[in-house]
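In terms of the numbering used here, the sequence shown opens at residue 1 and continues consecutively.
Derived from the structure by calculation, the hints contain no laboratory data. Among these hints, one or two may not hold up.
As the list claims (entries may be wrong) - Label-pair distances were calculated between CB atoms; the ranges are:
hint, residue 1, residue 2, range
1, T10, A55, 17 to 25 angstroms
2, Y67, E28, 15 to 23 angstroms
3, E83, H31, 27 to 35 angstroms
4, D41, N14, 15 to 23 angstroms
5, E76, D39, 25 to 33 angstroms
Unchecked claim - Taking lysine to any residue and the SDA-like style, the derived pairs with C-alpha atoms no more than 25 angstroms apart in a straight line are:
hint, residue 1, residue 2
6, K40, L18
7, K79, L4
8, K40, V52
9, K79, G65
10, K40, D20
11, K40, A84
Note that beta-carbon positions come from the ideal geometry of N, C-alpha and C, so glycine has one too.
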Amino acid sequence: MLYLIDVRTTEEFNAGHLNDAIHIDYREILHRIDEVTTDKDAEIHLYCRSGVRSAIAAQLLHSRGYYRALNIGGYEALKAHFEAQHSYQE
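Build out the structure end to end from the sequences listed, making use of the hints.
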């Protein structure tokens, strides 16, 4: 299973986020990842505003054995990518 986690602040998340994203502030990721999954083999995609906080979150998860945690970058770039992909498919 693939989990998409937005590690930005609550305010940033509430202002807009990717569909199906789960919100966990990067500072809380180690304490709250069990709410999402305890499967260390799960695919976890992390994003923030620019990719810095999601990189930190990925490193933290790796330290706990979640080796398939992946930093997929920043929200604005991802949003633009998905919007362009959607308009191309129409």
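Discussion item. Verify the CB-CB distance for Y67 and E28 against the hinted window 15 to 23 angstroms.
Written reply: This hint holds: roughly 20 angstroms between Cβ atoms.
Worksheet item: Would you say the C-beta atoms of E76 and D39 sit inside 25 to 33 angstroms of each other?
Response: Check passed, 30 angstroms falls within 25 to 33 angstroms.
Practice prompt. Starting from the range 15 to 23 angstroms, see whether the pair D41 and N14 falls in it by beta-carbon distance.
Written response: violated, 31 angstroms
Fill in: Outcome for the supplied range 27 to 35 angstroms, where the beta carbon pair is E83 and H31
With a Cβ separation near 33 angstroms, E83 and H31 satisfy 27 to 35 angstroms, so the hint holds.
Discussion item. For a C-alpha distance cap of 25 angstroms, please report whether K79 and G65 respect it.
Written reply: Violated. K79 to G65 sits at ~29 angstroms, over the 25 angstroms cutoff.
Worksheet item: Between K40 and D20, does the CA-CA distance stay at or below 25 angstroms?
Response: holds, 20 angstroms
Fill in: Proposed proximity, L4 with K79 (alpha carbon, max 25 angstroms)
holds, 13 angstroms
Worksheet item: Given the proposed pairing of K40 with V52, does the C-alpha separation stay at or below 25 angstroms?
Response: Within the cut-off at roughly 23 angstroms; holds.
Worksheet item: So the hint says 17 to 25 angstroms: do the beta-carbon atoms of T10 and A55 match that?
Response: holds, 20 angstroms
Worksheet item: Does L18 lie within 25 angstroms of K40 when you go C-alpha to C-alpha?
Response: holds, 23 angstroms
Worksheet entry | K40 paired with A84 [C-alpha distance capped at 25 angstroms] | The given pair, whose Cα atoms are some 33 angstroms apart, is violated under the 25 angstroms limit.
Of the numbered hints given earlier, the model fails hints 4, 9 and 11; all others are met.
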